[in-house]
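Number of protein chains: 2
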Amino acid sequence: MTKSKPKILVTNDDGITARGIRTLIKEMCKLGDVYVVAPDKPQSGKGHAITIDAILELKPQKVDGDAIKEISCTGTPADCVKLAINEVLDTKPDLCVSGINHGSNSSISVIYSGTMSAAIEAGIEGIPSIGFSLCDYSKDADFSAAKFYVRKIAKEVLQNGLPDGVVLNVNFPKISKSPYKGIKVCRQARANWREKFDKRVNPLGKEYFWLTGEFENLDSGEDTDEYWLAQNYISLVPIQFDLTAHHMIQKLNNWSLNE
Amino acid sequence: MTKSKPKILVTNDDGITARGIRTLIKEMCKLGDVYVVAPDKPQSGKGHAITIDAILELKPQKVDGDAIKEISCTGTPADCVKLAINEVLDTKPDLCVSGINHGSNSSISVIYSGTMSAAIEAGIEGIPSIGFSLCDYSKDADFSAAKFYVRKIAKEVLQNGLPDGVVLNVNFPKISKSPYKGIKVCRQARANWREKFDKRVNPLGKEYFWLTGEFENLDSGEDTDEYWLAQNYISLVPIQFDLTAHHMIQKLNNWSLNE
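Protein chains in written order, with full-length UniProt numbering: chain A, 1 to 259; chain B, 1 to 259.
There's no promise every hint is true.
All copies of an identical chain are treated as equivalent in the list; a pair is satisfied when it fits inside any one copy or across any two copies.
[Said to hold, decoys possible] Here are the computed lysine-lysine pairs in the DSBU-like style, where the Cα-Cα straight-line distance is at most 30 Å:
(1) LYS196 - LYS41
(2) LYS41 - LYS199
(3) LYS147 - LYS199
(4) LYS7 - LYS206
(5) LYS181 - LYS30
(6) LYS139 - LYS206
(7) LYS199 - LYS7
(8) LYS92 - LYS206
(9) LYS59 - LYS174
(10) LYS92 - LYS177
(11) LYS59 - LYS196
(12) LYS30 - LYS196
(13) LYS196 - LYS69
(14) LYS62 - LYS5
(15) LYS177 - LYS155
(16) LYS5 - LYS177
(17) LYS147 - LYS184
(18) LYS206 - LYS147
(19) LYS251 - LYS26
(20) LYS59 - LYS199
(21) LYS199 - LYS152
(22) LYS69 - LYS152
(23) LYS251 - LYS147
(24) LYS59 - LYS5
(25) LYS62 - LYS152
(26) LYS196 - LYS92
(27) LYS177 - LYS147
Think of the hints as simulated: they come from the structure by calculation, not from any bench.
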């Protein structure tokens, strides 16, 4: 009996037609049987939103290439993963990959990221899972150099598995003239988005705001994702969804909470 | 010169008129100068969503009680905190409190919670911050027994501060006949929502889904929030937004990522 090919779920937050997910599907088809369940429209910045007050719809899409099935979903990235596992796939996939996101999900952006929430949702379900992002927001972003490493990292995860509770957050530097120097396993930098709201007035005279902002790295460590991305390395941060700040438990026990 | 009263930002995810936030505002007015910026409609399950593809509006509300200002916002809980800090308040608040949520945000629910995303957003901005939730989804949920503890925990945070990167997640058991036994500092249980999609057909014959599910605690530890809530204790989990799984870094360095 030959070992069956691994079953791979592919999703993203930029929507099923985005160039990033098309690249990811193509690469994953070289490694296994690919099922795509992805949002029918862009869902960037949706964090770990789920849809509890509205209905969800699935729509089969024309399969472009070697995927087994492609389905678009009206919900968020986390909804896509929940529906894929419960309504589309017969058995849990061996791997879930999300992306390749058009834009960075390094450091604090992991918190706001729909791409990463899909990967985390799969992790919560016990599925080895990776989010991929390219630090380039442009429409014509060049995903070509990421392909080799996407396959490489996915193969390693299929081979080694991941412990319960751990998901990988992989970011690729924007393509420069020189090739990527390699992959660095690192920690999430302590960084912020420094908001600047753009205040405007509508034709009826009413004020409104657009959220804009600038990224600010507050972390001078040489072991962070931001540090290595700036050196033209691919950053790989293992993340967890146990948010407990274990180091604080003893300190809080010294507070007068029960007096 | 007398020390000025602490400045407290109050927000939530159930919307500015919810009974939980009205209780929280009333209790916070006993401790400091209260500014309210909260969603104009329910935003449950919105996770750490932010609004990047639509406009945001603020609307002053009639102040009910002793708050300095009350403002509703068209955005998500995280948007409310960003706008409060950047457009409503002159200086950063000394404390941000979010809730009291109508429903549990213990264990894995912290990931999906709008209440906790508001608290985390304030934490990212360096503001000591607490999310409060009552494990009772009913419209007539009884917040009375929580009041004393909400003030107690807020006072402790105002006095002791919180280290950078740490936010508190406080859950109150549903009111039973016996009084709360006290506060337990604990860790986030490893639990899941076991989804069950309710599949229906619309009048045009098209299938759609409602997300439903059952909570499943996979964690038999006696140091978790779920364990202590079940014993009628208030759970207090220190959480962090550095998601790095630090224990995995060395293991991943043993993979063949760069070969």
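* When no copy is specified for LYS181 and LYS30, does a C-alpha distance of 30 Å or less occur within a copy, between copies, both, or neither? -> within (24 Å within a copy, 57 Å between copies)
* Under a CA distance limit of 30 Å, which applies to LYS62 and LYS152: within one copy, between copies, both, or neither? -> Within one copy, since 28 Å is at most 30 Å while 58 Å is not.
* Asked: Taking 30 Å as the upper bound on the Cα-Cα distance, should LYS147 and LYS184 be classified as within, between, both, or neither?
  -> Close inside one copy (17 Å), not across copies (48 Å); limit 30 Å.
* **Intra- versus inter-subunit Cα pairing at 30 Å for LYS30 with LYS196** => So LYS30 and LYS196 fail the 30 Å test inside a copy (43 Å) and across (32 Å) alike.
* Using 30 Å as the alpha-carbon threshold, which applies to LYS206 and LYS147: within, between, both, or neither? -> Neither, since 47 Å and 38 Å both go past 30 Å.
* **30 Å Cα threshold - placement of LYS174 relative to LYS59** => neither (33 Å within a copy, 40 Å between copies)
* With identical chains treated as interchangeable, where does the CA-CA distance between LYS177 and LYS155 reach 30 Å or less: within a copy, between copies, both, or neither? -> For LYS177 and LYS155, the Cα distance is within 30 Å only inside one copy (27 Å; across copies 55 Å).
* Within, between, both or neither: LYS251, LYS26 at alpha-carbon 30 Å -> between (50 Å within a copy, 29 Å between copies)
* Quick one: LYS251 to LYS147, C-alpha cut-off 30 Å, is that within a copy, between copies, both, or neither? -> between (46 Å within a copy, 24 Å between copies)
* Asked: How would you classify LYS5 and LYS177 at a CA-CA limit of 30 Å: within, between, both, or neither?
  -> Neither: 36 Å inside a chain and 56 Å across chains, both beyond 30 Å.
* Can you give me the call for LYS69 and LYS152, within, between, both or neither, at a CA distance of at most 30 Å? => Intra 23 Å, inter 54 Å, cutoff 30 Å: intra-copy only.
* With identical chains treated as interchangeable, where does the CA-CA distance between LYS59 and LYS199 reach 30 Å or less: within a copy, between copies, both, or neither? -> between (39 Å within a copy, 14 Å between copies)
Figure legend: structure checked against the earlier numbered hints; hints not met, in rising order: 3, 6, 9, 10, 12, 16, 18, 21.
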